[in-house]
Amino acid sequence: MSRFDINKFMMFVDGTNEALNEFCNDREGFVARWVGAAEESVRPVPDGGSLSTDEQAALIGLEVGTLYEMGAHPYILLHFARAVEVDFNGIPFPEFDRAYKEAVTPHGYPNFAT
Amino acid sequence: MSELVAVLGVPHNPLLRRAMQAGIDDDLRATHENFQDFRGRLEDARPDVLIMVGSDHFRKFFYDNSPAFMIGKAPRFQGTHPNEIRTFGLDPMEVPGDVEMATSLLGTTFLNSDSIDFGFSNEWLIDHGWTVPLWFLRPQYDIPIVPIHSNTNMPPLPGPRRFAALGQYLREAIATDGSDKRVAIIATGHLATDIGGPRQFLGGDSPDPEFDADAVAWMASGDIEVAIEGCQFDRLASAGNVTLQFLNLLVGLAAADRVPDFAEGTASRFAPGPFFYWDMRGQP
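Just so you know, the sequences run in chain order A and B.
Oh and the first sequence: position 57 is 57 in this note's numbering, straight run, nothing missing.
Oh and the second sequence: position 98 is 98 in this note's numbering, straight run, nothing missing.
You may find that some hints are simply not true.
What follows is a list of derived Cβ distance ranges for each label pair [to be verified]:
(1) B:Asp44 x A:Gly29: 55 to 61 Å
(2) A:Ser50 x B:Glu225: 44 to 50 Å
(3) B:Pro96 x A:Tyr109: 39 to 45 Å
(4) B:Pro155 x A:Glu22: 27 to 33 Å
(5) B:Asp64 x A:Gly29: 21 to 27 Å
Computed, partial: chain A to chain B, Cβ under 8 Å [claimed, not checked]:
(6) Lys8
(7) Arg27
(8) Ala38
(9) Ser41
(10) Val42
(11) Ser52
(12) Asp54
(13) Gln56
(14) Tyr75
(15) Ala83
(16) Val84
Source of the hints: derived by calculation from the structure; they are not laboratory data.
Where is the CB? At the ideal position from N, CA and C, for every residue including glycine.
Next up, chain A with everything else stripped away, as it sits in the complex (with noise of 0.2 Å):
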């Protein structure tokens, strides 16, 4: 598991209106490029990333309580989980911030040190 390729993958994806309509519109394809792209070079890879097979699945299902557990940092995580679910999906962000804090809270409080 890797906290620095996680969060580098949210920053990425929160980063520009282009990024996360990408992968709002195709987030399985969004990370199988994401990953094709480390796979076929050396780093640095700006536009890419090693995900485990775990990995890649809770980001495909913006999979908040498992990402905090992994040790994503919280600021980048919650970011990311706003972007899609309140920016793009238009949730209002009441409801989205229930449904986010009932994902990390039992969780406590991981290690996000990279």
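Mind docking chain B on chain A? Use the hints.
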């Protein structure tokens, strides 16, 4: 010699800005009044340059490139990043930079500072850690800035004594700077704040009221050693996962090196925000 005329410690919560643009409701009034007061005090101090100490939120400095302390030495700084415009509703902005002051702080051969190993940046898109305090305190964006980034988000972090050393260095460097400018330092950070954790957005309540009271008391003591002692990593982290940004406020206390003229953790619709002010005019 340049002169340190004011030191400010303020919040930079971008949600405050967006909420206040919609109107000043009762749960925003105290924060609004504090910012108005600080804006007037800053105006009265007539600074020629603002040295602004804050923490980039993973945009300029990420896990692939994370300096402990970084000085911006560009002639102009633009803000902010596309995701902050989208999510926070922030406006693009631009403010002049003071290359002369930045260079004076840095040096041109070996670093001038014996205490802080600064990095530097000639091109830096600043985020809400700088643009929001400026919007509240100097919305004309007409006073040149020297932004200083500290890593308070990606452990391992510089310890509290390093933040104190930064403040002490800024005070000494301003006093020996040859440009004869009036300088204000603006440090920005959080009291107890959880972003992305179980205690985020508690509707105005603090995730750790005891920390807030302690932290304001450390600052109000005017004693940097008291604040350093209080800022243990686990204590900061347990108060919320971005409470570590409180460390930036130690820079202000160390630079002022005395009891503040104003010290308050101000309640609002969001987690309480830090407000500290030192009038440094006429201070030795």
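Taking the hints in turn, this is what the structure says about them:
One distance hint, 55 to 61 Å for the beta-carbon pair Asp44 (chain B) and Gly29 (chain A), holds here, with the actual separation near 58 Å. The beta-carbon spacing between Ser50 (chain A) and Glu225 (chain B), approximately 45 Å, falls within the hinted interval of 44 to 50 Å. In this structure the hint that Pro96 (chain B) and Tyr109 (chain A) lie 39 to 45 Å apart at CB holds, the actual value being about 41 Å. For the pair Pro155 (chain B) and Glu22 (chain A), the beta carbons lie near 31 Å from each other, so the given range of 27 to 33 Å is met.
One distance hint, 21 to 27 Å for the beta-carbon pair Asp64 (chain B) and Gly29 (chain A), holds here, with the actual separation near 25 Å. A cut of 8 Å between beta carbons decides the hint on Lys8 (chain A): the least distance to chain B is about 7 Å, and the hint holds. The beta carbon of Arg27 (chain A) is not positioned within 8 Å of any beta carbon in chain B (closest approach about 18 Å), and the interface hint is therefore violated. At a threshold of 8 Å, the smallest CB-CB gap from Ala38 (chain A) to chain B is about 14 Å, leaving the interface hint violated.
The criterion of a C-beta within 8 Å of any C-beta in chain B is not met by Ser41 (chain A), whose closest approach is roughly 15 Å, and the hint is violated. With 8 Å as the threshold, the beta carbon of Val42 (chain A) stays out of range of chain B, its nearest partner Cβ sitting at about 15 Å, so the hint is violated. Interface restraint check for Ser52 (chain A): the shortest CB-CB distance to chain B comes to about 18 Å, outside 8 Å, so the restraint is violated. At about 20 Å, the closest approach between the beta carbon of Asp54 (chain A) and any beta carbon in chain B exceeds 8 Å, and the interface hint on this residue is violated.
The interface hint given for Gln56 (chain A) is broken, as the beta carbon of that residue sits about 19 Å from the closest beta carbon of chain B, more than 8 Å. Because the smallest distance between the Cβ of Tyr75 (chain A) and any Cβ of chain B comes to about 5 Å, under 8 Å, the interface hint for this residue holds. At its closest, the beta carbon of Ala83 (chain A) sits 6 Å from a beta carbon of chain B; the interface hint therefore holds under the 8 Å criterion. Interface restraint check for Val84 (chain A): the shortest CB-CB distance to chain B comes to about 11 Å, outside 8 Å, so the restraint is violated.
Against the hints set out earlier in the document, violations occur for numbers 7, 8, 9, 10, 11, 12, 13 and 16.
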